[in-house]
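*Asks:* Taken in order, these protein sequences are the chains called D and X. In this text, residue positions in the first sequence follow the working numbering: the first is 1, and each later residue adds one. In this text, residue positions in the second sequence follow the working numbering: the first is 1001, and each later residue adds one.
One should not assume that every hint holds.
As the list claims (entries may be wrong) - Taking lysine-lysine pairs in the PhoX-like style, the calculated list, with each CA pair at most 25 Å apart, reads: (1) Lys30/D - Lys1256/X; (2) Lys55/D - Lys40/D; (3) Lys30/D - Lys1253/X; (4) Lys55/D - Lys86/D; (5) Lys40/D - Lys1256/X; (6) Lys40/D - Lys81/D; (7) Lys60/D - Lys40/D.
If you're looking for bench data, these hints aren't it; they were derived computationally from the structure.
Residues per chain, in single letters:
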Amino acid sequence: MRWLTALAVLTCTTTLAAHHSFGVAFDATKTVTLTGVITKIEWMNPHTHVYMDVKDTSGKVVSWALEGYPPNVLERTGWKKDVTIKVGDTLTIFGWRARDGSPFAHLREATLASGQKLFFGPPAGTGEGPATVR
Amino acid sequence: MRLMGILIPSVFVASLAMAQTGAVQPAPKTVDGKPDLTGVYQASPRRGAWDAEAPGDEPGVPAARRPGDVAGVASEPIPFRPEARARAQEILNRRSIDDPAGHCIFLASPRITGVGLFPVQFVQTPTQVIIMYEYLWSFRVIPIGGTHPDDISPSYLGDSVGRWEGNTLVVDVVGFKPGGWLTLGMVHSDALHLIERYTRVDRDQLSYEVTIEDPKVLTKPFTQRITLMLREGTRLREYSCAENNMDPAVYEKMLKDPAASSSFLRSPEKPR
């Protein structure tokens, strides 16, 4: 039985998150899907940022800031700087909204104009940070 | 004994992996007959090339992928002293907003070793092993043999001295600055002492086992185990953390905004 307990610990303990817990600034329970046109890309550490103009339901254009993986991780997982996405491209994103309600989100998954989907942040079940000390 | 409990299923899982993936090649040796740790690795339970998760049908949810070949990360429960446990829970209630990593400050192992998104490179000579971490762009030079110098200045990654015990590189690490975050809210003291054991189990697999001692924070030592997998074709790329670090400003703004701070703070009574 003891090794079964150990296996449970082993299964539950995931590899540690990156620069910080995304759960600090972003709310995993407030997901958002947006489609817009890219206005700026900051391919920089410790997080890449994409800025996108999105029309709201009234037709007003809102500029969103989107934060995700650092460039090194993106480049190892299928992204190419200045190729995969460029200013002027249309992009659809799935993410978590900022806790302060501003037009700022943690970009988890991107869908390119071609329909290709790529992660831009950790997949479901990760990135929020642990809740209890074991 | 609890450690034995962790190792037994690891061996069991590894046996299953060999059955699934075919022959496992032996660990290479250096010309002087020592195990050769040279290579670029990444914390992962899977053999083969980089295999980050890919999107599935549901937004943000990854597609299914093959199970791990071997154990990934295993840890004994952290034997916190009561006051350290309370501090750790408070840190998690604050969703780790105070994490030094958010300010790009270096981290000690095992945390820096287990960040699965970033590779680690080992360079070995007969007299030194150098470990280079892409994450936070830091490195350790580990002399083989000898003792710690008597003029250690406390540092984030500590002072390391290595020796070979059979096929295992054993590294003794002391001389830490207090206040670093190791794992799950554990803030270590200046009494932190790591005993690391690096074993190249086979060509693909580097086992990292670390015993963590810190009598000011823990009631007894505990052990973590991380599997690093060889990532041929992967290179370390520069990671300049402070380049465009917006986090401190975002966090400061959130802490001043009652709505935002009440949203990120977890209730101590009902942590989510």
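*Asks:* If a hint holds in the structure, say so; if it doesn't, say that too.
*Replies:* Quick rundown of the hints versus the structure:
{"no.": "1", "hint": "Lys30/D - Lys1256/X", "result": "21 Å, holds"}
{"no.": "2", "hint": "Lys55/D - Lys40/D", "result": "16 Å, holds"}
{"no.": "3", "hint": "Lys30/D - Lys1253/X", "result": "19 Å, holds"}
{"no.": "4", "hint": "Lys55/D - Lys86/D", "result": "19 Å, holds"}
{"no.": "5", "hint": "Lys40/D - Lys1256/X", "result": "28 Å, violated"}
{"no.": "6", "hint": "Lys40/D - Lys81/D", "result": "13 Å, holds"}
{"no.": "7", "hint": "Lys60/D - Lys40/D", "result": "19 Å, holds"}
Hint 5 alone, counting from the list given before, is not met by this structure.
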